[in-house]
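2 protein chains.
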Amino acid sequence: MFRTKTCGELRLANVGESVTLSGWVQRTRKMGGMTFADLRDRYGITQLVFDESTDAALCEQANRLGREWVIQVVGEVSERQSKNQNLPTGDIEIIVRQLVVLNESAVPPFTIEEQSDGGDDLRMKYRYLDLRRPCVRKNLELRHKFAFEVRRYLDQQGFMEIETPVLVNSTPEGARDFVVPSRMNPGQFYALPQSPQTLKQLLMVAGMDRYFQIVKCFRDEDLRADRQPEFTQIDCEMSFVEQEDILQMFEGMSRHLFKTILNIDIPTLPRMTWADAMKYYGSDKPDTRFDMKFVELMDVLKGTGEFSVFNEAEYIGGICCEGQAVYTRKQLDQLTDFVRRPQIGAKGLVYARVGEDGTLKSSVDKFYSPEVLENLKNAMQAKPGDLILIISGPDTLKARKQLCELRLEMGSRMGLRPKDKFSCLWVIDFPMYEWSDEEQRLMAMHHPFTSPKPEDIPLLDTDPASVRANAYDMVINGVEVGGGSIRIHDAKLQQKIFEILGFTPEQAQQKFGFLMNAFKYGAPPHGGLAYGLDRFVSLFAQLDSIRDCIAFPKNNSGRDVMLDAPGFIDQSQLDELCLQIDLPKE
Amino acid sequence: MFRTKTCGELRLANVGESVTLSGWVQRTRKMGGMTFADLRDRYGITQLVFDESTDAALCEQANRLGREWVIQVVGEVSERQSKNQNLPTGDIEIIVRQLVVLNESAVPPFTIEEQSDGGDDLRMKYRYLDLRRPCVRKNLELRHKFAFEVRRYLDQQGFMEIETPVLVNSTPEGARDFVVPSRMNPGQFYALPQSPQTLKQLLMVAGMDRYFQIVKCFRDEDLRADRQPEFTQIDCEMSFVEQEDILQMFEGMSRHLFKTILNIDIPTLPRMTWADAMKYYGSDKPDTRFDMKFVELMDVLKGTGEFSVFNEAEYIGGICCEGQAVYTRKQLDQLTDFVRRPQIGAKGLVYARVGEDGTLKSSVDKFYSPEVLENLKNAMQAKPGDLILIISGPDTLKARKQLCELRLEMGSRMGLRPKDKFSCLWVIDFPMYEWSDEEQRLMAMHHPFTSPKPEDIPLLDTDPASVRANAYDMVINGVEVGGGSIRIHDAKLQQKIFEILGFTPEQAQQKFGFLMNAFKYGAPPHGGLAYGLDRFVSLFAQLDSIRDCIAFPKNNSGRDVMLDAPGFIDQSQLDELCLQIDLPKE
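Chains as they are written, first to last, in the working numbering: chain E, 1 to 586; chain G, 1 to 586.
One thing to keep in mind: the hints can contain errors.
Any copy will do: because identical chains look the same in the list, a pair fits if it lies in one copy or spans two.
Below, a list of computed lysine to aspartate or glutamate pairs in the EDC-like style, where the Cα atoms sit at most 20 Å apart [said to hold, decoys possible]:
{"#": "1", "residue 1": "Lys285", "residue 2": "Glu455"}
{"#": "2", "residue 1": "Lys520", "residue 2": "Asp564"}
{"#": "3", "residue 1": "Lys145", "residue 2": "Asp155"}
{"#": "4", "residue 1": "Lys216", "residue 2": "Glu230"}
{"#": "5", "residue 1": "Lys401", "residue 2": "Glu434"}
{"#": "6", "residue 1": "Lys30", "residue 2": "Asp222"}
{"#": "7", "residue 1": "Lys259", "residue 2": "Asp155"}
{"#": "8", "residue 1": "Lys259", "residue 2": "Asp55"}
{"#": "9", "residue 1": "Lys5", "residue 2": "Glu242"}
{"#": "10", "residue 1": "Lys366", "residue 2": "Glu9"}
{"#": "11", "residue 1": "Lys401", "residue 2": "Asp337"}
{"#": "12", "residue 1": "Lys361", "residue 2": "Asp245"}
{"#": "13", "residue 1": "Lys453", "residue 2": "Asp490"}
{"#": "14", "residue 1": "Lys285", "residue 2": "Glu141"}
{"#": "15", "residue 1": "Lys145", "residue 2": "Asp265"}
{"#": "16", "residue 1": "Lys453", "residue 2": "Glu230"}
Since the hints were derived computationally from the structure, they do not count as laboratory data.
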């Protein structure tokens with residue numbers, strides 16, 4: 001028996017009890033004839049006291065303890081003279097009468113405290129020490145609870161968690177697959193799943209009715225800051241449902257999660273069409289923690305004055321920043337630099353301050369009459385003291401995206417995006433297709449199994465780009481946490497969609513044959529969605545990076561620096577796999 | 001809204017209600033002017049009635065329905081004239097007034113009914129149809145519930161489920177790894193984990209205290225009948241524990257699972273030492289549903305008569321089969337053939353029947369005096385009507401294994417191994433090492449991190465083969481469902497164990513460096529175990545093969561015949577990975 005209590009549970013009520021604790025030495029300090037040590041485990045910190053006058057040898061032993069040594073103590077719970085209000089166990093301490101060193105520790109490369117941080121490289125190399133820090137550990141505790149509550153909700157709703165295979169075949173659309181050479185089938189490869197999309201559709205054909213899985217997925221992409229080669233999805237699918245059934249079911253799940261984990265009652269999720277999201281926020285994942293909607297100003301500013309930039313624009317839009325007329329010229333120049341950065345790519349920024357007297361002072365004053373400026377103020381519903389910021393450009397989509405970045409920047413500057421405030425919504429009615437400049441063809445916006453809205457099916461022949469899909473995303477605070485669609489269950493409609501995507505029947509058969517074959521045997525109407533668990537948990541934990549809710553994340557080169565993976569393998573193993581490495585010549 | 005009720009929930013109390021159901025047409029039949037159809041979904045089967053005299057067109061539509069068509073009906077719940085006691089919905093039927101065909105179906109390659117079975121190849125190719133059969137679906141439902149209850153129990157006990165990475169590095173001991181070429185690190189490979197063993201130990205170093213994970217693991221082994229290249233473990237680890245703490249915790253989990261899933265109260269698990277298991281059952285996973293323990297007969301039969309086989313044996317052991325003296329000569333010859341099969345490898349079998357008068361008639365009568373035969377009868381505690389079966393051989397371990405197979409065979413023949421009876425136990429005190437003829441060295445019986453029993457540590461220097469480990473297996477009905485050990489947390493002891501296993505310090509550092517490094521920073525005492533989920537669920541579901549509780553299993557060549565995986569990949573993909581395929585010349 002290594003302990004009778006943990007380091008987090010003793011209170012005044014326990015005073016007088018004899019207890020055994022085990023844990024790590026957080027720090028020690030000598031004061032007069034006493035030695036104090038903070039003993040830490042997953043559950044908390046408890047103060048230990050060694051009294052030289054009672055047991056000099058024991059106290060001497062305590063003085064030799066180093067940081068992060070693992071010890072076991074036996075002692076009596078005692079009320080503290082000077083209580084520590086910041087610690088749940090701060091009312092008590094342990095008068096130690098027996099000390100066993102279970103393991104010594106080398107001096108750790110950084111101290112294990114809330115605010116300590118050895119820098120990202122060191123943290124990742126010594127992740128097992130980084131994880132000892134309560135702030136990091138709490139993220140994993142939240143993740144555990146989150147996943148458990150997902151399962152509890154879905155189980156109650158009659159969903160079955162069904163494991164789908166990890167060794168599958170290469171998927172035709174989407175990102176690059178990780179592949180696994182098969183020794184028993186030389187020259188052939190498994191692929192790791194980017195998602196269990198087709199497998200969950202097969203489970204619907206199999207009559208499983210309500211499926212979910214919290215499952216690892218894999219994408220061999222060049223990693224951006226917040227991408228991981230392996231990530232976790234909450235993958236769900238239902239049969240005999242329409243879009244409304246799915247929105248209700250998963251709105252319920254979000255409500256359950258917010259309530260049980262954060263004790264927050266979220267309101268009914270607003271639903272915004274993709275068209276409106278683009279029009280008012282310039283994004284399909286609008287951050288609705290704050291308003292500051294776009295106002296389109298083509299009628300007001302195009303052709304109504306001598307400003308050629310606006311006169312040539314395909315789009316002119318503005319946002320009204322409440323009370324920000326105090327922005328100095330220098331601050332406005334910074335904003336202009338911000339929108340001109342290559343990642344954003346605007347040509348410039350037009351501003352207008354509304355004075356206390358209600359008059360507008362703008363960087364384009366000289367081009368417009370007072371009437372036009374008055375129209376601008378009215379269109380923007382700007383009040384005295386407000387700042388109007390305007391972006392324009394020859395491409396509506398691009399200009400809106402620039403204005404979106406500007407809006408988010410202003411929201412951040414104005415403190416309108418606090419991490420502890422949550423604003424959830426559904427974005428619905430996505431287009432079926434988006435044009436790919438690279439591929440010079442229409443591409444499926446979600447995936448090729450997404451069902452068009454029934455009323456838009458006739459448009460497939462005449463104007464496919466305008467067809468809307470039965471597709472939906474759940475967006476929280478500007479982050480797409482999940483998304484999905486109603487799937488096509490009709491073989492003829494599926495064939496037509498493939499044609500529009502540019503697949504010949506032979507190509508479609510080759511790429512999706514096993515799914516198409518299954519669909520011949522009575523596929524039910526079905527649909528579903530998938531959440532990114534890492535992102536969803538990150539939002540709940542108010543993290544900047546998904547890495548902080550992953551026990552052992554990989555870096556931007558796809559390496560686990562702690563394990564030193566990937567690594568080289570033996571020639572004999574390559575031979576068994578019938579593989580040769582062929583590195584490019586330097 | 002595709003349905004207001006499922007096909008499994010309507011009862012007499014619902015009579016008169018108007019309902020909408022959706023599902024698959026199991027079968028249709030015409031009787032007089034009526035057409036009946038069985039409509040099936042995940043939840044059950046409901047009988048539909050179409051009345052020609054009420055609506056001839058509708059009835060005609062129903063007559064065109066084929067097997068496995070997906071339909072939606074609207075109708076009224078009505079009491080059946082002839083009730084079907086075998087069906088929970090057997091008291092009612094639906095008088096249909098509206099029928100919509102949601103999807104047609106091609107004629108399925110086998111019928112979707114309990115007892116139908118297209119043979120293994122067809123079942124696997126059309127697994128999505130096979131899964132529609134209730135008997136197969138029920139296994140997945142049980143698996144879902146099983147996993148959920150595991151999580152519920154462990155969550156209540158303060159365990160955190162923590163996801164460990166799937167893309168890791170190659171593990172040094174154990175079976176062959178599946179590897180994944182890294183595009184971003186050319187020439188290097190990830191490995192898929194055979195188990196998260198080292199990662200969970202790192203989580204203990206990280207202070208996570210109580211960890212578990214239901215996790216996919218991978219082994220690239222030549223597949224035997226009941227092995228899968230990917231399988232699922234319930235992986236668990238605890239800090240600050242001794243063996244007793246772990247046995248208690250996971251005995252509690254088994255009790256929880258048996259109670260919540262099968263409504264069975266299991267008794268306290270007996271604990272059997274490995275030595276006793278080998279002595280009395282010839283196996284480290286004894287089937288204790290029945291007794292029939294081995295009796296060692298060296299004292300009784302070696303050197304007490306003229307039978308040279310026994311006189312030269314290193315081991316002679318027998319089992320007493322109650323009431324089986326009725327076995328004919330032919331049946332005994334069959335048993336002899338059974339133990340002589342190459343998989344078992346015994347040279348022969350000696351038997352003795354106890355007659356109703358208490359006298360022994362044996363195949364070796366002529367070699368032994370009546371006194372010796374009387375001694376044999378007494379040693380075996382054989383009663384009139386019993387059959388004694390004896391195996392001997394020059395190698396104790398091998399002879400015991402042969403006798404074990406014979407005991408299991410007799411248990412099966414005598415009906416002592418019913419699948420709905422469960423006998424659980426712990427096997428403890430495993431040896432640390434076993435001799436490998438192949439490697440000509442001692443090998444770790446569990447893995448190299450297993451801790452020896454403290455009292456046996458001195459033997460490490462003098463007689464390592466006799467050292468017992470703090471290792472334990474949970475055995476149910478002769479199946480090892482889980483096993484684990486207390487780990488070594490002391491670096492010096494670990495070093496010694498590596499030496500005994502024949503690793504130089506350099507080799508140990510190269511193979512286990514990241515774990516050894518972590519252990520320098522205050523590793524707590526820890527231990528754990530892992531269950532094979534597939535096996536555990538198979539036992540609960542009384543299945544012959546783990547495949548039947550896996551949604552999409554692979555065949556013995558590691559192929560998923562439904563997905564047709566693995567498969568060939570594009571040259572461009574190989575180029576990106578800097579790989580060439582080098583198939584052996586025919």
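How the hints compare with the structure:
1. When the C-alpha separation of Lys285 and Glu455 is checked against a cutoff of 20 Å, the pair qualifies neither within a copy, at 25 Å, nor between copies, at 63 Å.
2. Proximity of Lys520 and Asp564 under a CA criterion of 20 Å is satisfied inter-copy only: 18 Å between copies versus 47 Å inside one chain copy.
3. Proximity of Lys145 to Asp155 under the C-alpha cut-off of 20 Å is found in both arrangements, the shortest distances being 15 Å within a copy and 9 Å between copies.
4. In this homomeric assembly, Lys216 and Glu230 come within 20 Å of each other (Cα to Cα) both inside a single copy, at 6 Å, and across copies, at 14 Å.
5. In this assembly of identical chains, Lys401 and Glu434 lie within 20 Å of each other by CA distance solely inside one copy; the values are 16 Å within and 66 Å between copies.
6. In this assembly of identical chains, the alpha carbons of Lys30 and Asp222 never lie at most 20 Å apart, being 52 Å within a copy and 62 Å across copies at closest.
7. Taking the closest pair of Cα atoms, Lys259 and Asp155 come within 20 Å of each other both inside a single copy (17 Å) and across two copies (19 Å).
8. With identical chains, the CA atoms of Lys259 and Asp55 are never at most 20 Å apart, being 51 Å at best within one copy and 51 Å at best between copies.
9. When the C-alpha separation of Lys5 and Glu242 is checked against a cutoff of 20 Å, the pair qualifies only between copies, where the shortest distance is 15 Å, while the shortest distance within a copy is 52 Å.
10. Taking the shortest alpha-carbon separations for Lys366 and Glu9, neither the intra-copy value of 71 Å nor the inter-copy value of 75 Å comes in at or below 20 Å.
11. In this assembly of identical chains, Lys401 and Asp337 lie within 20 Å of each other by CA distance solely inside one copy; the values are 16 Å within and 80 Å between copies.
12. Taking the shortest Cα distances, Lys361 and Asp245 never come within 20 Å of each other, neither inside one copy (51 Å) nor across copies (76 Å).
13. For the identical chains of this complex, Lys453 and Asp490 are intra-copy neighbours only, at 14 Å inside a copy versus 64 Å across copies, given an alpha-carbon limit of 20 Å.
14. Taking the shortest alpha-carbon separations for Lys285 and Glu141, neither the intra-copy value of 28 Å nor the inter-copy value of 36 Å comes in at or below 20 Å.
15. For the homomeric pair Lys145 and Asp265, the shortest alpha-carbon distance inside one copy (18 Å) is at most 20 Å, but the shortest distance between copies (29 Å) is not.
16. With identical chains, the CA atoms of Lys453 and Glu230 are never at most 20 Å apart, being 33 Å at best within one copy and 39 Å at best between copies.
Hint check: violations occur at hints 1, 6, 8, 10, 12, 14, 16; the rest are consistent with the structure.
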